[in-house]
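From just these sequences and the hints, can you work out the full model?
Single-letter residue listing:
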Amino acid sequence: NAGVMQNPRHLVRRRGQEARLRCSPMKGHSHVYWYRQLPEEGLKFMVYLQKENIIDESGMPKERFSAEFPKEGPSILRIQQVVRGDSAAYFCASSPSAGPQPQHFGDGTRLSIL
Amino acid sequence: AQSVTQLDSHVSVSEGTPVLLRCNYSSSYSPSLFWYVQHPNKGLQLLLKYTSAATLVKGINGFEAEFKKSETSFHLTKPSAHMSDAAEYFCVVSDTEYGNKLVFGAGTILRVKS
Numbered sequence: 591n592a593g594v595m596q597n598p599r600h601l602v603r604r605r606g607q608e609a610r611l612r613c614s615p616m617k618g619h620s621h622v623y624w625y626r627q628l629p630e631e632g633l634k635f636m637v638y639l640q641k642e643n644i645i646d647e648s649g650m651p652k653e654r655f656s657a658e659f660p661k662e663g664p665s666i667l668r669i670q671q672v673v674r675g676d677s678a679a680y681f682c683a684s685s686p687s688a689g690p691q692p693q694h695f696g697d698g699t700r701l702s703i704l
Numbered sequence: 278a279q280s281v282t283q284l285d286s287h288v289s290v291s292e293g294t295p296v297l298l299r300c301n302y303s304s305s306y307s308p309s310l311f312w313y314v315q316h317p318n319k320g321l322q323l324l325l326k327y328t329s330a331a332t333l334v335k336g337i338n339g340f341e342a343e344f345k346k347s348e349t350s351f352h353l354t355k356p357s358a359h360m361s362d363a364a365e366y367f368c369v370v371s372d373t374e375y376g377n378k379l380v381f382g383a384g385t386i387l388r389v390k391s
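Sequence order for the protein chains is R and E.
Going from the first sequence to this note's numbering is simple: count from 1 and add 590.
Going from the second sequence to this note's numbering is simple: count from 1 and add 277.
Warning: the hint list may mix true and false statements.
[As the list claims (entries may be wrong)] Calculated Cβ distances over 10 Å to all of chain R for the following chain E residues:
hint, residue
1, TYR302
2, ASN338
3, SER350
4, VAL389
[To be verified] Label-pair distances were calculated between CB atoms; the ranges are:
hint, chain 1, residue 1, chain 2, residue 2, range
5, R, ARG612, E, SER347, 37 to 47 Å
6, R, LEU704, E, LYS345, 46 to 56 Å
7, R, ARG654, E, PRO356, 46 to 56 Å
8, R, ARG604, E, LYS346, 45 to 55 Å
9, E, SER329, R, ARG674, 41 to 51 Å
10, E, THR354, R, ALA592, 25 to 35 Å
11, R, GLU631, E, LEU323, 11 to 21 Å
12, E, PRO356, R, GLY675, 38 to 48 Å
13, E, ASP285, R, GLU662, 37 to 47 Å
14, R, ARG604, E, ASN318, 20 to 30 Å
Hint data in this document are derived by calculation from the structure and do not stem from the laboratory.
For clarity, every value in this text was computed on a predicted model and none was experimentally measured.
For every residue, glycine included, the Cβ atom is placed at its ideal position computed from N, Cα and C.
See below:
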């Protein structure tokens with residue numbers, strides 16, 4: 591009964607490259623959330639997706655960032671033309687439905703930009 | 278907008294002594310509140326949740342928290358600290374009445390001395 595699976599655990603990119611972060615939610619969960627944790631800060635909401643739909647992207651930067659959750663396969667957080675300030679830990683969480691319930695978190699992807 | 282303030286960025290206790298991690302929240306409706314723990318380079322684990330049932334909430338590993346509406350507080354306590362409790366703790370409130378995204382406090386790092 592696997593939990594939320596994120597890969598890769600660590601990702602190194604040079605400035606200007608693209609970063610793709612993947613998240614497979616817990617079995618039976620169709621709601622996915624992405625959060626970003628900058629050094630010595632709490633997590634900040636980025637985007638909330640349900641299968642094939644973006645429900646809330648109010649926390650996403652306006653440029654270079656996109657997210658998807660296709661009918662088949664994991665959710666993808668894509669960062670184009672990365673910059674040093676994108677260095678952070680990116681966490682994915684999932685829940686079985688909407689509503690005020692706990693979200694289950696993956697171990698995160700640590701993104702480092704050279 | 279909902280927000281969370283964790284009053285201490287660092288707390289240090291001796292093993293076997295009580296733990297108190299303080300959290301105040303602001304919310305325009307009856308909130309759902311959570312405490313999560315994060316060990317180094319790991320994801321977040323849910324300790325406990327409050328969703329408008331009993332005001333004293335018991336969680337895992339001997340932790341509990343009390344919801345006090347009059348004080349807008351949700352402090353986390355444990356009667357006796359263990360070395361394995363050393364980690365970072367986050368107080369979290371659901372951002373909307375539908376709980377579709379979480380708002381995190383800045384975190385409290387708990388240090389346990391032997």
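Checked hints:
1. Annotated as non-interface, TYR302(E) keeps its C-beta farther than 10 Å from every C-beta of chain R; the closest such distance is 13 Å.
2. A cut-off of 10 Å between C-beta atoms confirms that ASN338(E) is not in contact with chain R; the least separation is 16 Å.
3. No beta-carbon of chain R is positioned within 10 Å of the beta-carbon of SER350(E); the least distance is around 18 Å.
4. With a least beta-carbon separation of about 20 Å from chain R, VAL389(E) lies farther than 10 Å from that chain, consistent with its non-interface assignment.
5. Range check, ARG612(R) to SER347(E): about 45 Å between beta-carbon atoms, so the 37 to 47 Å window is met.
6. Distance hint for LEU704(R) and LYS345(E): a CB-CB separation of about 48 Å, consistent with the stated range 46 to 56 Å.
7. Distance hint for ARG654(R) and PRO356(E): a CB-CB separation of about 48 Å, consistent with the stated range 46 to 56 Å.
8. Range check, ARG604(R) to LYS346(E): Cβ separation about 51 Å, and the 45 to 55 Å hint holds.
9. Between SER329(E) and ARG674(R) the Cβ separation comes to about 43 Å, which falls inside the hinted range of 41 to 51 Å.
10. For the pair THR354(E) and ALA592(R), the supplied restraint of 25 to 35 Å holds, since their beta-carbon distance comes to about 32 Å.
11. At about 20 Å, the beta-carbon gap between GLU631(R) and LEU323(E) stays in the expected band of 11 to 21 Å.
12. At roughly 43 Å, the beta carbons of PRO356(E) and GLY675(R) sit within the given window of 38 to 48 Å.
13. Roughly 45 Å separates the CB atoms of ASP285(E) and GLU662(R), a value that falls within the hinted 37 to 47 Å.
14. For the pair ARG604(R) and ASN318(E), the beta carbons lie near 23 Å from each other, so the given range of 20 to 30 Å is met.
Violation of the numbered hints given earlier is absent; every hint is satisfied by the structure.
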